[in-house]
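Read top to bottom, the protein sequences are chains A and B.
Numbering of the first sequence is given in our numbering, commencing with residue 1 and proceeding in unit increments.
Numbering of the second sequence is given in our numbering, commencing with residue 1001 and proceeding in unit increments.
The hints are simulated quantities; they were obtained by calculation from the structure and are not laboratory data.
Here a beta-carbon is modelled for each residue, glycine too, at the ideal position from N, C-alpha and C.
You may find that some hints are simply not true.
Quick list of in silico lysine-lysine cross-link-like pairs, DSS-like style, CA-CA up to 30 Å [said to hold, decoys possible]:
1. B:LYS1078 to A:LYS129
2. B:LYS1078 to B:LYS1141
3. A:LYS94 to A:LYS108
4. A:LYS128 to A:LYS101
5. A:LYS128 to B:LYS1078
6. A:LYS89 to A:LYS108
Partial list, computed: chain A residues near chain B (C-beta under 8 Å) [as the list claims (entries may be wrong)]:
7. SER48
8. PHE56
9. TRP125
Chain B is nowhere near these chain A residues, computed Cβ spacing over 10 Å in every case [to be verified]:
10. LYS13
11. LEU36
12. LYS42
13. SER44
14. VAL65
15. SER66
16. ASN79
17. ASN88
18. LYS89
19. GLN95
20. ALA119
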Amino acid sequence: MCFNQILIKKSIKHVVVVFILLLLSMKVYSSETSSLPKLTLKPSQCVSLRQGQQCFVTVDISWQVSNAGEYCLYSSLQNNKLNCWTMNKSGYFKQELVIDKDVTFTLKSMSNDKVVASALLELAWVHKKSRLSHSAWRIF
Amino acid sequence: MKTFTKLLKISTLIVGILNPSFIMAAEEEKEKKEKTENIRDGAYLDIGISQVYQSDPFKFDNGNDNGLQAAVNGRYQKYGFFVELRLGASEQESSRLSYGYNFLNTEHWSYDFRIATNHSVLEHTLPKSNFVSTRDSQLAKGLRILGDYDNTHLRFIIAESSGAKGLYAGGWLSQNYQYNNLNFYGSAGIEYRNEDVINHFYGINEVEGLPYYRGESGFEYTGQVGFGYPITTDWVFEGFARIILLPSGVTNSPLVDGNTITEAAVSVKYVF
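The task is simple: from the sequences and hints, build the whole structure.
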């Protein structure tokens, strides 16, 4: 094989690698931009031992939007806003909660009072509540 | 399709207005179904692993129940007929496999006809002769009553038991508490076994190396505290500590050298 052929092959390889990297970076960029705005809860579930019990959880709430502005965070547990941010593209809030039903968190843009993003904190349990339940049978 | 659904709804409404018994019949059917369905029908299963500590008041059983053990709690009921399986140490009852019929349920009480063992099997390797004396635990019929008042649970059992004319009775009370997502309970139990049961398990016949023994009937008392914590919707972390005060009919037996049994365990369980 002559030197020129090897050089051409190597060049093609480089072009292919650059093209793949370009495609991947475009995919990452598009997924990053398409997933905004986002509101994330950690954890997204509060687990109690039995259905019907109150559930205790400390939830980390973080949000991210593409345009900076004034945003406020609300929960379905109360009418008052939990927190507001001005000229921010992201934010973080931590809250201790005692819940007996699912809770929805919403991020609103204060410029037009529209919901930008929302997320659900789900109430879950291990043992389903029922009269004379299985958990009652196995308590002893 | 939407029009058809609308028409169906309107015609149902008209038929309902003209003939209320049409709607009532549906409601009656629902009520009838609720009445015929047994509220305790269903299945429950958890499996796990426990680290167990247990004191051993038996002189010659050579048993060592300490260490890692499998734990299984299973129950299946259909049309009132049920089967229950318990393996592991967290229950205050010594029955392993039992089955029966749940014949009555009221708002707070449930009544079962049940066939179960009411004592664990004992094996003693007797001194000098090295004879292995096995005290089998036989399945026997009885009545079980379960009470459920929110965080308070009660259980009563009266049953035949191992022994010629074995009689067994037991009563337990358990109270649950919650602190954050951690659940605690405290429970107390009292069990009665007549002479036939005591002597089936702890009596000594004329066997080399041990004196003849016949014990009296008596009451056994149990106190237990425990906890349960949900790790996820499927995994639970549990633990308990228990003390059992044995009756004199048991503690006076040459097979026994203590008057209490203490047990403790922590478990991780998967709930199906």
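Consistency of the hints with the structure:
no., hint, result
1, B:LYS1078 to A:LYS129, "holds, 18 Å"
2, B:LYS1078 to B:LYS1141, "holds, 20 Å"
3, A:LYS94 to A:LYS108, "holds, 17 Å"
4, A:LYS128 to A:LYS101, "holds, 15 Å"
5, A:LYS128 to B:LYS1078, "holds, 18 Å"
6, A:LYS89 to A:LYS108, "holds, 13 Å"
7, SER48, "holds, 6 Å"
8, PHE56, "holds, 4 Å"
9, TRP125, "holds, 7 Å"
10, LYS13, "holds, 48 Å"
11, LEU36, "holds, 30 Å"
12, LYS42, "holds, 14 Å"
13, SER44, "holds, 12 Å"
14, VAL65, "holds, 31 Å"
15, SER66, "holds, 34 Å"
16, ASN79, "holds, 27 Å"
17, ASN88, "holds, 33 Å"
18, LYS89, "holds, 33 Å"
19, GLN95, "holds, 15 Å"
20, ALA119, "holds, 19 Å"
Hint violations for this structure: none, all hints satisfied.
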